[in-house]
Amino acid sequence: MTGRSQNSHIRKYLVVYVSLLIYVSLVFYFLFQGGKTSFMVLAMATVLGAYWIAGLFGGIRKAEGTHQFGGERVAPIQAGSHIPVTLQLHMPGWMPIPYIEVRDELYRFDSLIHVQETIVFLDQKRTATLKYHTPILERGCYQFVRTTCTTRDLFGLFRYRGHFKNGQMLYVLPQMIPIQNWKHVSKYKGSLDPEAFFTKHRRESTVVDGIRDYVHGDRLSRIHWNATARSGSLKSKQFEPEGAPMLAIVLDLSQGSYPTAASFELAVSIAASLMRYARRMKRRVVIAGVGDELKLWSAEAVRHETTGLREWLSSVQPAALPASGEDHEAAWLRAWQKHPELRRGGTIAWISGSLTVEQEQRLSHLSKLNWNGSFIAASQYASQDARRLSSKLSRYDYCYIPIERLDQLPERLEGNTA
6 MTGRSQNSHI RKYLVVYVSL LIYVSLVFYF LFQGGKTSFM VLAMATVLGA YWIAGLFGGI
66 RKAEGTHQFG GERVAPIQAG SHIPVTLQLH MPGWMPIPYI EVRDELYRFD SLIHVQETIV
126 FLDQKRTATL KYHTPILERG CYQFVRTTCT TRDLFGLFRY RGHFKNGQML YVLPQMIPIQ
186 NWKHVSKYKG SLDPEAFFTK HRRESTVVDG IRDYVHGDRL SRIHWNATAR SGSLKSKQFE
246 PEGAPMLAIV LDLSQGSYPT AASFELAVSI AASLMRYARR MKRRVVIAGV GDELKLWSAE
306 AVRHETTGLR EWLSSVQPAA LPASGEDHEA AWLRAWQKHP ELRRGGTIAW ISGSLTVEQE
366 QRLSHLSKLN WNGSFIAASQ YASQDARRLS SKLSRYDYCY IPIERLDQLP ERLEGNTA
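Add 5 to the 1-based position in the sequence shown for our numbering, that's all there is to it.
Fair warning: there could be bad hints in the mix.
What follows is a list of derived Cβ distance ranges for each label pair [claimed, not checked]:
no.	residue 1	residue 2	range
1	E310	V150	23 to 29 angstroms
2	G420	T312	33 to 39 angstroms
3	H138	H309	29 to 35 angstroms
Listed next, the in silico DSS-like pairs over lysine-lysine satisfying Cα-Cα at most 27 angstroms (straight line) [what the hints assert, rightly or not]:
no.	residue 1	residue 2
4	K397	K373
5	K287	K242
6	K373	K188
7	K41	K188
8	K287	K343
9	K343	K373
10	K300	K287
Hints are computed from structural coordinates only; laboratory data are not their basis. Where is the CB? At the ideal position from N, CA and C, for every residue including glycine.
All chains should be modelled from the sequences, with the hints used to inform the complete structure.
Put into structure tokens, the structure is as follows:
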């Protein structure tokens, strides 16, 4: 690759030197010979030189472009799908450009994964449109770091190159699977049928759960004045009913908990699928990542599925824990106890790649804080320690759910472990 680059540079400079030599020769020919012929030849050479120099400092050197993902309808993108990409090119200036070789580079986590190369032609407005589909994308953060445009002059002697950068990020969510029923959510103490949470006869908490149309008899304090002003009709605040336990979906971010990268991707997909199920059932749910520190997404952020939460689900990666394991455990546990949404306990779904002694101790600590629920092992490999420790989980009112593939999740959550 280095040899080709050197040969290309040598050829480029050789053409430049030969062109300069010819032009200098024409200048001397005009000075010493004179006449109309020498003048016309020098004039044509000057025009050509001006054209080549103008192409060197303008034209394609100032190429501009924008990317559009997903066509006209912008929707969250899940892993395992092809993404249509539309590249709009614009070449400012007036220099004639016969064609453009476009090289579009797509990066995932700063690693080049796809290169799209094609030839386009400019229209009368000096614009061009390039449409293509990406390969199947995995979960992650994607960016078109650099788009290179290359062309030649009308005589094919000189090669011009320009490029532009696009700072737009494309976040691909983890793969998700629809869940019909989660048996263990309604099994544990304090849990009720989600449909029973929202009956009009049930007492309500002070937690705002949304906005609804005004009903005759609503108190003045319930009216949402901002929504009323925007819609032009009376709107009332809807509060979450009492008795609904908090649901916490915890993703273990310890690198040592996952035997393979595929097991961590499976764990993230499980967490995202559980989040979608909880939102559909109108459950108060928080998303937490436990690694070097506690990363928590509030129930409000999960309910609206904010951009920050989507970006986190798309880009989160496991990390190696520091050597001071005891200090780390105490740090995330203190943060958990201090958070106002986690103080009262509730139902938890702890997702990890394997069940170890450290994981069993974590669940023991949470059990003392009135948390119980499920431990979901996202891995194809179940160690002997995991089988032995899974029997201890019943002491803390936890159940052990092994998941080897994402399509097993709905059946296992319904209690079918076959």
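> Any of the earlier hints contradicted here, and which numbers?
Replying inline: 7
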